[in-house]
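Asks: Going line by line, the protein sequences match chains A and B.
Reminder that position 30 of the first sequence reads as 16 in our numbering, one-by-one numbering, no gaps.
Reminder that position 163 of the second sequence reads as 347 in our numbering, one-by-one numbering, no gaps.
For the record, the hints were derived by calculation from the structure and aren't laboratory data.
C-beta: ideal position from N, C-alpha, C; glycine also.
Among these hints, one or two may not hold up.
[To be verified] Here are some of the chain B residues that sit facing chain A, going by a computed Cβ distance under 7 Å:
| # | residue |
| --- | --- |
| 1 | 226 |
| 2 | 227 |
| 3 | 228 |
| 4 | 235 |
| 5 | 268 |
| 6 | 271 |
| 7 | 273 |
| 8 | 274 |
| 9 | 283 |
| 10 | 288 |
| 11 | 303 |
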Amino acid sequence: MKRIVQAALALALLSLTPMASPLGSSTAWAADSSFGAGLTGTETTRISELLAKPETYVGKVVRVEGLVTDVCAKRGCWVAIASDQEFQTLRFKVKDGDMVFTPDVKGRKGVFEGVFNRYELSVEQAVEQAKHHAEEQGQAFDPSTVTGPEVWYQLDGTGAVVR
Amino acid sequence: MTAPPAGRHLPWRKWNNLLHRDLGYLAVGLTLVYAVSGIAVNHTHDWNPSFRYVRQTETFTPLVVTDRETLVTELVQALDLPGPPRESFRSAPHLVQLFYDGWSVEADVLAGTALVERPRERLVLRDLNRLHLNHLRGLWTWAADAYAGVLAFLAVSGMFVLKGKKGLSGRGKWLVGAGVLVPVVAIVWARYFGA
Chain A
-13 MKRIVQAALA LALLSLTPMA SPLGSSTAWA ADSSFGAGLT GTETTRISEL LAKPETYVGK
47 VVRVEGLVTD VCAKRGCWVA IASDQEFQTL RFKVKDGDMV FTPDVKGRKG VFEGVFNRYE
107 LSVEQAVEQA KHHAEEQGQA FDPSTVTGPE VWYQLDGTGA VVR
Chain B
185 MTAPPAGRHL PWRKWNNLLH RDLGYLAVGL TLVYAVSGIA VNHTHDWNPS FRYVRQTETF
245 TPLVVTDRET LVTELVQALD LPGPPRESFR SAPHLVQLFY DGWSVEADVL AGTALVERPR
305 ERLVLRDLNR LHLNHLRGLW TWAADAYAGV LAFLAVSGMF VLKGKKGLSG RGKWLVGAGV
365 LVPVVAIVWA RYFGA
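The whole structure should be built from the sequences, with the hints applied where relevant.
Replies: As structure tokens, then:
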């Protein structure tokens, strides 16, 4: 009996060892590069085009490509995608648990598909959202940075592949 | 457990108790996995149950805002970074992000500050969460389904382990009722009074 328990403990420890590796050196992460329902469309829309003529695309399923510049630090429930133009990003948001983006997607390129939606935020809602975002990312929050009501566009995600 | 006399069937309660006991032993490992991970993932509003972030602030002599390539080169020198980044991006003219394998730097070149961010896996906990949340999919889905079936059996068979005052017909029915009430009250509350 003692030997069986010892063997079981040894096996358990052995199986956990590679999983304890620091980020960036674990090959297990590569398996997480496909998210959600995968990709269905073939045509890619440039983020700069979406943001230049948002009303044309609101409510439509669109597919974008780009570099992941940020990821939700707590739940992995969104990523920010760099536009093809500097100083622009688009948020790709998923319902909690539908897809969980791991921190290693930051700095990697990917293809993202979802419904492009418009959200109108009152000043209070905009402050609340900015505060929530800062808390999630472990950053300081200054309410004065939110100056008025905001119109917010994001891709409500259905699938993604990060390379 | 002693064997029944020849020619007699093992009474159903003996079978129940025998299966309850042995399946209970079998379920110990996964129950602990789900219990520990369950607590961890219940609190995702407060923390990331699978990763932690090591953040370090660095300072450097502020730079003149120019094009991205030039700023990246200057930042690599100013912060003594280990070579050019794999990718870079600017979210604003003075805010430059440098991406390396598994870590990143976000610099405000006008303020002369940079945040170096290194995410790390939470030891063991991340793997428990992957099992709990079925990130492995495939065969693990079957294993998790089988475990759920075993748990359901343990719950039902557990009610019939004892007879008499300490069994289901005694205080057991009150405790079972109280336990069932917990999710019922939560559902009614959520549906009619909560979010």
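Asks: Going through the earlier hints one by one, which of them does the structure break, listed in rising order?
Replies: Numbers 1, 2, 5, in rising order.
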